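Chemist: For reference, the chains in residue letters:
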Amino acid sequence: MIWFLRDIDLLTVLLRAATLAFEALLMGGVAYLLAVALPARASAAVEDFCRRGIRMAALALVAGEVALVSASGALLMSGSDLTLTDVTTTNFFRAGSFAILFAIGLWICARLKSSTATVAMLPLSLLLLAATVSISHATARIDYRVPLAILTAAHHLGTAAWVGAMPYLWISLGRVEDVDEARRLTERYSRMALLGAATLVSAGVGMAGFYLGTWSALYTTASGVMVVAKIYLLLAMAVLGAGNWLLVRRLASDPEPLLARLRRVAEAEICLGFLAILTAASLTSQAPAVDVTAQDRLTAHEIYVRMHPEPPRMTSPSLAALAPPGSLAVAVADSQFAPTVHSDDTDKAWSEYNHHWAGLIVLIAGLLALLSRHRAMRWARFWPLSFAGLAVFILLRADPENWPLGPRPFWQSFAVPEILQHRLGALLIVVFAAFECAVQAGKLRTRWATYVFPAMCALGAATLLTHEHSAQVKEALLAEMSHTPIALLGVSAGCSRWLELRLPRSRMATIAGYLWPLCLALVGLILLNYRELA
Amino acid sequence: MRRNTWILTPLFVTAIVVACGIALFAPRVALAHAVLVSSQPGANSTVSGPEVAVLLKYSSRVDLEHSTLTLLDPDGKVEKVAIESEPSPGLLSAKLTGLVKGAYVLRWQVLATDGHITRGKVPFQVK
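Order-wise, the sequence lines are chains A and B.
Be aware that the first sequence starts at 0, since it is given in numbering that gives the first Met the number 0, and climbs by one per residue.
Be aware that the second sequence starts at 0, since it is given in numbering that gives the first Met the number 0, and climbs by one per residue.
To be clear, the hints were calculated from the coordinates, so they are not data collected in a lab.
A quick note: this is a predicted structure, and the numbers were derived from the prediction, not measured.
Errors might be hidden in some of the hints.
[Stated by the list, open to error] Short derived list, chain B residues pointing at chain A, Cβ under 8 Å: (1) Val34; (2) Ser38; (3) Ala111; (4) Gly114.
[Unchecked claim] Some chain B residues near chain A, calculated using beta-carbon distances under 7 Å: (5) Ser59; (6) Arg60; (7) His65; (8) Pro88; (9) Gly89; (10) Thr112; (11) Asp113.
We put the beta carbon where it would ideally sit given N, CA and C, even for glycine.
Please take these sequences and the hints and turn them into a complete structure.
Modeler: The structure is reproduced here in structure tokens:
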């Protein structure tokens, strides 16, 4: 329970991300039904699916809003004498309640098939949008509230029309009755998505102008770094989207294989789109760059000092040089109320050494995966085995104050959440290494098993995009500067592996097959240059 | 306890940790919306008692009714402080009375109008 309360801040960020994603799915479903499926005279099967998708998204949004309002209410009450009745009079409670009501309204409209109910979806969606925007960043600004609220609404609409509607197209293409129907749907969706992307980007540029203020904020503040991550994800989506646009134009010549390719590429695009939404939620949890004072911003010199390439640290400080560990009882108590701890230079050198060895292992894994593409080097396909070494390394080095290096007993130290986290991580790495080895060796042939690796990459990237490292603003930002590229490379690795597995034999699949090991190797290189000491 | 965030950086470790329950195990994210821009009394400043005017300026609009101030006195006693008014958006005013010589901590929790909750404290001395 204490852990739950400690992490409730993170929980609200994740719930915000979930509600943003469900809102995009719900409004995207309505846009797809009204602007694509119905005008394109979609078959009954496709239309039924759209309505079912809208109902599911509506229910998911209701659940997400209930959870978010409950978590925010608990957070508000836990630090004050405010009561549950007080919570019901807050803006976020009102906005959340209205969003729930409008989502239920959309669920009812999607269930009724009358034309009145279908038309009513449009105003209900706009009301839902208004409820969401009423508790956006824009409303809390001291200045320019109205233009910022309009830009925020446009940003949400663009996201819904492009990203939110894409899953509906993807599943529609699996249910169409003929190629003509598929072409009508994809052409109409492409036009809507283009308009959505243009709206999203224009509104995003406008908001960035307000919230960032200067170009330098892109690399001197945490929210700037998040904006760069969003731009990367949107560019990657645009590249895939452009590929799909070209495929749609060739559908008439060779429909069946192209339709399959279209669906596979759309899957990767959907993954990127929803990660961009998650990044947006993370971005809204940061102070806008324009509010960050000069003393909390990084200077170009500070970035250079920390990020310029240097030989990795392959010698560790001695165990005796580390500060002697305190009692386990104190550590357990501290972990409940002070999750972020300070470290001295020896601790940082210890941590750098750990990072650099981890980087070397990831680099080796990536290079082996790359080599395994060639027939003569098939033995290299057992690259996941290198992660077993990483697991042993974590067990030995992650918590040196505990067994086997330190005096604290092994089993009792599980009471510290961070240590439990490390040990679980080590155990699961071993399981994952064995699992992926079986996949690579062809011993485990079921489809779902092959998808575990790309799914893990995407989820890992999602974690890195949402977590923060230190209470000190500059330290957190410097850590983020190396962790965000790792997250983006993780997404790229996951999506390219997914495409390699899902696409029929093609040049795109071959490129994807080379891309993910390369991303893995680059992650290793970034880790090898990770530093905490200036 | 040492700082061990390094463990989260290898791609697979993070991925697996997420799969096991991100809400429980991932480190916290700072929710930083209504940031305290300036305060009166200033942090770690020394002021004269027994009455002290409080003026807290935030980076965004705050919900006055759902924001709270408490004062930790030199004896360790905690008292609620009434927020008097909001002279302009993002600015809170209050009055502390009956202060004696010693170290005080003014704790604040504000609800920004975008629904984010932030907390902080302003330690000061009364001479």
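Chemist: Each hint: holds or not?
Modeler: Comparing the hints with the structure gives:
{"no.": "1", "hint": "Val34", "in the structure": "holds, 5 Å"}
{"no.": "2", "hint": "Ser38", "in the structure": "violated, 14 Å"}
{"no.": "3", "hint": "Ala111", "in the structure": "holds, 5 Å"}
{"no.": "4", "hint": "Gly114", "in the structure": "holds, 3 Å"}
{"no.": "5", "hint": "Ser59", "in the structure": "holds, 4 Å"}
{"no.": "6", "hint": "Arg60", "in the structure": "holds, 5 Å"}
{"no.": "7", "hint": "His65", "in the structure": "holds, 5 Å"}
{"no.": "8", "hint": "Pro88", "in the structure": "holds, 5 Å"}
{"no.": "9", "hint": "Gly89", "in the structure": "holds, 5 Å"}
{"no.": "10", "hint": "Thr112", "in the structure": "holds, 5 Å"}
{"no.": "11", "hint": "Asp113", "in the structure": "holds, 4 Å"}
When each numbered hint is compared with the structure, a violation occurs for hint 2 only.
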